[in-house]
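*Asks:* Chain by chain, the residues:
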Amino acid sequence: MRMNYYLQVLTVLGINIILAVSLNLISGYTGQLSLGHATFMGIGAYTATLLTLKLHVPFLLSLIFGAAVAALFGFIIGVPTLRLKGDYLAIATLGFGEIMKNILLNMKITGGPMGLRGIPKVTNIYIVAVAVVIVIFSLNRIMISRVGKSFIAIREDELAAEAMGINTTNYKILAFVIGAFYAGIAGGLYAFLFRYINPNNFGFMKSIEILCMVVLGGMGNTAGAILGAALLTVLPEFLRSVSPVISQYRMVFYGLLLVIMMIVRPQGLLSGTSFYPRYPRRLSVEKSAGKGGQ
Amino acid sequence: MFFQQFFAQVMNGLTLGSTYALIALGYTMVYGILELINFAHSEIYMTGAFVGLIMVTVYKLPFAAALLAGMAGSCILGVIIEKVAYRPLRKATRIAPLISAIGVSIFLQNAALLIFGPQARAFPANFNSVSLNFGLVQISSLQLLILVISVLLMVTLHFLIHKTKIGQAMRATAQDKETAQLMGIKIDRVISFTFAIGSALGGAAGVLVGVYFNSADPMMGFFPGLKGFVAAVLGGIGNIPGAMIGGLILGMAEVFGAVYMSQYKDAIAFAVLILILLFKPTGLMGQRIQEKV
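Chain order of the listed sequences is A and B.
When the letters of the first sequence are read in order and numbered with the working numbering, they come out as residues 4 to 297.
When the letters of the second sequence are read in order and numbered with the working numbering, they come out as residues -12 to 280.
Hints in this document: simulated from the structure, not taken from any laboratory.
Remember, predicted model here, so these are calculated numbers, not experimental data.
Even for Gly, the Cβ is constructed at its ideal location relative to N, Cα and C.
Incorrect hints may have been included.
Pairwise CB distance ranges (calculated) [to be verified]: (1) B:L147 x A:R198: 53 to 59 Å; (2) B:K152 x A:V248: 49 to 55 Å; (3) B:R176 x A:V267: 22 to 28 Å; (4) B:A52 x A:R120: 48 to 54 Å; (5) A:V267 x B:L147: 34 to 40 Å; (6) B:P105 x A:R198: 21 to 27 Å; (7) A:R5 x B:D163: 44 to 50 Å; (8) B:T44 x A:V248: 26 to 32 Å; (9) B:G104 x A:V267: 28 to 34 Å; (10) B:L100 x A:F241: 35 to 41 Å.
Far from chain A, by Cβ distances over 12 Å, these chain B residues were calculated [what the hints assert, rightly or not]: (11) E30; (12) Y46; (13) S92; (14) L100; (15) Q106; (16) S118; (17) L129; (18) L132; (19) L134; (20) M141; (21) K150; (22) G154; (23) A167; (24) A183; (25) N201; (26) A256.
So that you can see chain B by itself, here it is in the shape it has in the complex:
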């Protein structure tokens, strides 16, 4: 009995953690290249959920189509945001794009409030979720689906970054923008591409979480956005495997923490973050930066 409950919680933690990891990837990729905390990412996630929701409820499309549409919608939005709100500020102080990002976030959140209203909407999955039994481990097919899709997306991303030409360009740009440019890399295109990929992952997370909790509302991005970011910092911001691990740790910590003190569920994520930062100031997998005079 104990083991059954334990494994059920592990599955919950993994599911939640994998969605945090997807969100964290968007933050970490953008940060790796621009050193910008993209505060609008939580709204990109929310937009993905709503695009998916519209596909499922208005056009009665299957879940797979909704997921792809959500990713496409977020992808386009992310690229537009970068072009309009961040690109003009690339040479400004570090804080200016941050405020601009906050502005975009406020704008999108309130635009969604005007369009969809403040109440949460049901987000049906359009398929029957059954409970699968593997001896001690019990998992719903919905959880399994979310896990499989998340892992698939992360593996694809890993392949994209390490095995393709554009991935190489992204890594080069992250390391040194000027030198990358000298090597003939069009960094504007690379940055756009980074936003496109990161935002698509965020949109996928939005649709998956929407279906998982069967709800979507304009403010839904706030906490997952913060926690996705926490996950990115936890793993070492700018580090892609770090974001995945950070997401999983956070999901686990939250699910197991909630067993003992459910009312402090939202605080747990931040407590874990501060603890880790105190002992390892650049995150779990972050590199130590040499201070130069």
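For reference, chain A alone in the conformation it holds in the complex:
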């Protein structure tokens, strides 16, 4: 019984890692603050679920299709909003999230506020583990490529990046689309784990939770995002299990801890100076050093 509980927490952790890492691509590496990441997760979850429930599409196919639809929405939302900057972009993404939630709440096919139930349980720790490895590996490949360097250049200085010939709008949209794709995968995994979804699972609070993981771990650091996801997944569970008294005050402590952690370490746990993920940084330093010597 206890073992099952631990496995469940670990599975949820895996899903949260995918979410945190994908938001980190948008907000951490590319520097575009998004307050609506859970929206993409929700689109992935609903698409995958509906495909399986109504059309009996096999799990893997509906998972990927859900992610693709989420990516498509990333594109649709990204094209108009990414012209906005900073806080305005954040608010526009928040607005789209709320609109999408409202649509999900009012559509017949999504079951409205009742949500969708009777989803088969497919997701388990192994599937999530494989997904996490694929996501992190592919993300690292992206980040050491030309595309990843462009993302970081945009975050560091958008004007300078543009002057260097980077089409900043296209790359920002690309970051959004890739992040949305991964979030869609996480959403599909989530639906097939809990076997029940409703629009409130993917609301503003979930977006904030994902953002907190990224910031807590350290923006623009994949290892940090993983650590942040681990902390914010395990911590509430831990607070729940310590004692019934604390369990009652769980969310109060959660809020308090966010404030304290920010005051003690505002740059996040793993971060500050390291702008690149570990492995690409070493690579890029060596490369430029080599070129300098020639």
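Following the hints, put chain B in place on chain A, whose structure we already have.
*Replies:* Then chain B, alone, in the frame of chain A:
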């Protein structure tokens, strides 16, 4: 008949809009000075409503006293939040105070849930609301009261910012913190004062909305908070007349939109926001910021 209904909706829109404007002012003032989205503002609003509620139900005080108490409670809370959660982070990255604000918001919301329980409570106004008839326009005295109080507060704020010394200091700090400091302005005090005023307005909105809908609950701040913020962005964040206009536009859009598609009431606000941002990326009255290399 059509006109009567039309004007009734206009009055509803104005009433709702003026409360959004009051909330928006709190966001916009803080943003103007600190460039921080104060996510805890929705809980400051909720606290104002509950302090007012306690005054009305427990101490049986009249409405005016409840309003003042609500404003005072929110004011104190806002100043404390700034001191504890934002001031240590003033030199950190922009995102750190944002997360801190979210933490404060979660903390206050859940503390209120523990203290008051999740169920909504009735918020009696302690006076009889009558329907006033001005020919075509019909308005309840409660609506009129809310409108008058909101306008009065906004006029006072306008006077405070443009005609007093501390108002001048606030404008200077918003424009350039370092230079303001060099001119001998104690910016810590100015920031505290800004939080105090903004929060008091939020608290007033909390009490007014509580009385208007005759209910208060710990989660009541969430949507009005978001919409107040939307109103602030709509008008051009950091711009005080912009926040007032943004609030009114939002209230109107919501009331008239709800006539045609009531189930999408909460989405309307955001749709309006995105439309306006697309055509005027810094809001209606926001200034174009020159990009510098």
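*Asks:* Is the Cβ of B:L100 more than 12 Å away from each Cβ in chain A?
*Replies:* The assertion about B:L100 is violated, with a minimum of 8 Å to chain A.
*Asks:* Is it true that the C-beta distance of B:L147 to A:R198 lies inside 53 to 59 Å, as the hint says?
*Replies:* holds (56 Å)
*Asks:* Per the stated criterion, does the least C-beta distance between B:L134 and chain A lie above 12 Å, as a non-interface residue requires?
*Replies:* Check passes; 27 Å lies beyond 12 Å.
*Asks:* Should the label of B:A183 as a non-interface residue stand, given a Cβ cut-off of 12 Å to chain A?
*Replies:* At roughly 20 Å from the nearest Cβ of chain A, B:A183 sits farther out than 12 Å, so the non-interface label holds.
*Asks:* Indicate whether the distance between the beta carbons of A:V267 and B:L147 respects the range 34 to 40 Å.
*Replies:* Given about 36 Å between the Cβ atoms, the range holds.
*Asks:* Per the stated criterion, does the least C-beta distance between B:L129 and chain A lie above 12 Å, as a non-interface residue requires?
*Replies:* Given that every Cβ of chain A is farther than 12 Å from that of B:L129, nearest at about 29 Å, it holds.
*Asks:* Does the no-contact call for B:Y46 survive, Cβ to all of chain A over 12 Å?
*Replies:* Fine: 27 Å to the nearest Cβ keeps B:Y46 off the interface.
*Asks:* Taking the shortest Cβ-to-Cβ distance between B:L132 and chain A, state whether it exceeds 12 Å.
*Replies:* With a cut-off of 12 Å, B:L132 remains clear of chain A, as the shortest Cβ separation is near 31 Å.
*Asks:* Take a quick look at B:A167 and tell me if its Cβ sits farther than 12 Å from every Cβ on chain A, holds or violated.
*Replies:* holds (22 Å)
*Asks:* B:S92: least C-beta distance to chain A exceeds 12 Å?
*Replies:* violated (7 Å)
*Asks:* In terms of Cβ atoms, is chain A entirely out of 12 Å range of B:Q106?
*Replies:* At roughly 17 Å from the nearest Cβ of chain A, B:Q106 sits farther out than 12 Å, so the non-interface label holds.
*Asks:* Is the gap between the beta carbons of B:P105 and A:R198 within 21 to 27 Å?
*Replies:* holds (26 Å)
The structure fails to meet hints 7, 10, 11, 13, 14, 26 from the earlier list, while all remaining hints are met.
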